[in-house]
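**Q** One letter stands for each residue in the lines below.
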Amino acid sequence: MATIIRPRDERTQPARIVPGYPQTPLRNPREPLVRREPTLSELTGPLEVAGRVKLLGGDIAGHGAAQAIGQLMHLRVRVLDEDGAPVGGTVVEIWQANAAGRYIHPNDDDHAPPDPNFYGAARLVTDESGAFELRTVKPGAYPVPTGDGWWRPPHIHFSVFGKVWLSRLVTQMYFPGEPLNAQDRILNAVPDAAARERLVARYVPPTGNPHNALVFEHQIVLRGKAATAEQP
Amino acid sequence: MIPTGEATLGPFFPPRYVDAAANDLTQFEGRKAQGEVIEISGRVAQEDGAPLENLVVEIWQADAQGIFRHPADPRHAQADPGFFGWGRAATDKDGRYVFRTIRPGAPAGRQPHVNFMVMFSGLLRILKTTMFFEDGPDPVLSLVSNRRNLLIGKKAEPTLVTFDIRLRGENETPFFDD
Ligand SMILES: [Fe+2]
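Residue numbers (my numbering), protein chains in the order written: chain A, 1 to 232; chain B, 1 to 178.
Where hints are given, some of them may not hold.
As the list claims (entries may be wrong) - Not everything, but these chain B residues come out facing chain A in the computed CB check (under 7 Å):
#: 1; residue: Y17
#: 2; residue: N115
#: 3; residue: R148
Derived by calculation from the structure, the hints in this document are not laboratory data.
Since this is a predicted model, take the numbers as computed values, not measurements.
We put the CB at the ideal spot given by N, CA and C, even for glycine.
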């Protein structure tokens, strides 16, 4: 199965150097990137990564006496390609702060307390319809130590593999209606408003089960279209 | 549909996602990879030369015969069952990553090479480059006329190749946009 990768619309992707994000001018190339037509090497990539890494499942909220503190939520995500076809069997890595905005990570400081029942990392495989479900608590916002009032809005990090090297994606998902969304330097590094909107999950009103958790839906679109006979 | 916007890995990528032995490509599913075992190692630095710790590097390469383990490769049925082709490493406090792998063969029309991805706090987009073992006719290497030596790994010892990655500044690594 051959995959076609086309250049992306730059307005739908973040700027590389972002004012007020001090690491970006130190770490992004000065020279223009070299434009490359994908070759077989980039149009192949690791499949079945699940056989190489330890899966952790998608339920990270804890249960009973060990339930994490915070607003319980279910997140339903579908991973699709540019044709809208499901990307099944691909590994998704997920990480997030706890409800107080604290990560379990040596880089995080003591601005907020850790939760002994929340580690904040899920690793799973999409099903045949490209779907997965995460049972978690809603992450809190947290301050960035730039000293000028930048707070990250609540967000969840994703790393997704897809079918070829160039479909690899690292992204973040945001929550609807959060006032911090409007001033976040990472979300707003994407110039196109509609593209930013697609990074925000959809709140699902509580018409069905479960009733004990907020429900959000989200869609992730990986690069790549199937090559068809019509296309050269 | 329009591909989702990228975002930085940020400073809090869980250390447990760099699985033990994820940087060792020399065996897969209990089988040993065919070919010459080599180490690829290098230092990753930012503009001021400071080493970057816990930066995530991923590689993807063909097997010893130059075959990619993927159905898009016309020869994939002959791919080495002991070689997965993908690995991940995190840099140490000196900014150093190490992969243990096998020397790839030449894919059709290409010089032997290893694809690299770099993901880190401050990189809103994944940076992609390609390491070669020596200069030679290659459609990707030929795109980088005056800086192509920066894409060629240095043979430090018979089985050790060093490939430093400079994100910005002096001897800045050429990165690709595709
Ligand atoms: Fe974060």
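**Q** Would you settle whether the hint for B:N115 is holds or violated, based on the nearest Cβ-Cβ distance to chain A being less than 7 Å?
**A** holds, 6 Å
**Q** Classify the hint on B:R148 as holds or violated, based on whether any CB of chain A lies nearer than 7 Å to its CB.
**A** violated, 10 Å
**Q** With chain A as the partner, please determine if B:Y17 meets the hint condition of a C-beta pair closer than 7 Å.
**A** With a minimum Cβ separation of about 6 Å from chain A (threshold 7 Å), the hint on B:Y17 holds.
Hint 3 from the list above is the single one not met by this structure.
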